[in-house]
Amino acid sequence: SAVISQKPSRDICQRGTSLTIQCQVDSQVTMMFWYRQQPGQSLTLIATANQGSEATYESGFVIDKFPISRPNLTFSTLTVSNMSPEDSSIYLCSAGRQGGNEKLFFGSGTQLSVL
Amino acid sequence: DAKTTQPNSMESNEEEPVHLPCNHSTISGTDYIHWYRQLPSQGPEYVIHGLTSNVNNRMASLAIAEDRKSSTLILHRATLRDAAVYYCILRDWDKAAGNKLTFGGGTRVLVKP
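Going line by line, the protein sequences match chains U and C. For the first sequence, the numbering used here assigns the number 627 to the initial residue and increments by one for each residue that follows. For the second sequence, the numbering used here assigns the number 468 to the initial residue and increments by one for each residue that follows.
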């Protein structure tokens with residue numbers, strides 16, 4: 627199993643600013659992902675964080691808005707840039723080993739409110 | 468990505484079994500069927516997964532249709548702590564497919580005392 631720690635757990639930010647969310651896994655994992663969950667909705671995949679290379683973004687998400695870093699096998703950051711109230715959501719980090727037979731683990735999320 | 472279809476919500480009485488259906492008619496031969504649940508104010512947690520055969524663990528059982536186009540998650544005795552949104556997701560074992568989990572709408576389970 628893996629334990630995922632996300633920081634901060636919540637934040638209130640002003641429009642136009644940026645926030646960086648950190649995700650730390652307690653064991654080496656192959657795959658790390660970032661999700662967004664808007665109020666009352668399901669999870670939407672933002673991107674796959676790739677170690678040592680650019681993240682792979684899903685349709686509708688771009689690097690300029692959501693830059694992602696993954697310097698090693700246990701750590702990743704997601705930045706929400708130039709925030710607007712529409713970015714108010716829960717952002718979740720997920721990690722696990724590669725393979726359809728492997729389970730993924732999730733952090734408890736970062737609750738972001740943009741004023 | 469292969470898609471799944473689940474009912475929006477289900478109700479159950481405490482200590483009774485809950486059967487949560489999932490349709491995945493476009494499933495490919497390399498897709499594993501995963502179930503996760505999300506308790507209020509928490510991130511999703513793994514429940515169970517399978518490929519072709521039925522699976523049991525301490526949390527639940529997974530019954531997979533012979534043609535793999537549908538599956539059912541079974542909570543044998545629902546407790547109030549089982550109230551959550553349950554997601555049925557297909558995860559491809561093929562590396563090239565990205566191994567990502569794509570969430571659908573899920574089923575909100577309400578457990579009545």
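Simulated from the structure, these hints should not be mistaken for laboratory data. The structure displayed is predicted, hence computed values, not measured ones. Certain hints may be false.
Said to hold, decoys possible - EDC-like, lysine to aspartate or glutamate: derived pairs with alpha carbons at most 20 Å apart:
no.: 1; chain 1: C; residue 1: Lys536; chain 2: C; residue 2: Asp559
no.: 2; chain 1: C; residue 1: Lys470; chain 2: C; residue 2: Asp534
no.: 3; chain 1: C; residue 1: Lys470; chain 2: U; residue 2: Glu680
no.: 4; chain 1: C; residue 1: Lys567; chain 2: U; residue 2: Glu712
Query raised in the report: Hint by hint, which ones does this structure get wrong, listed from lowest number up?
Result: 3, 4
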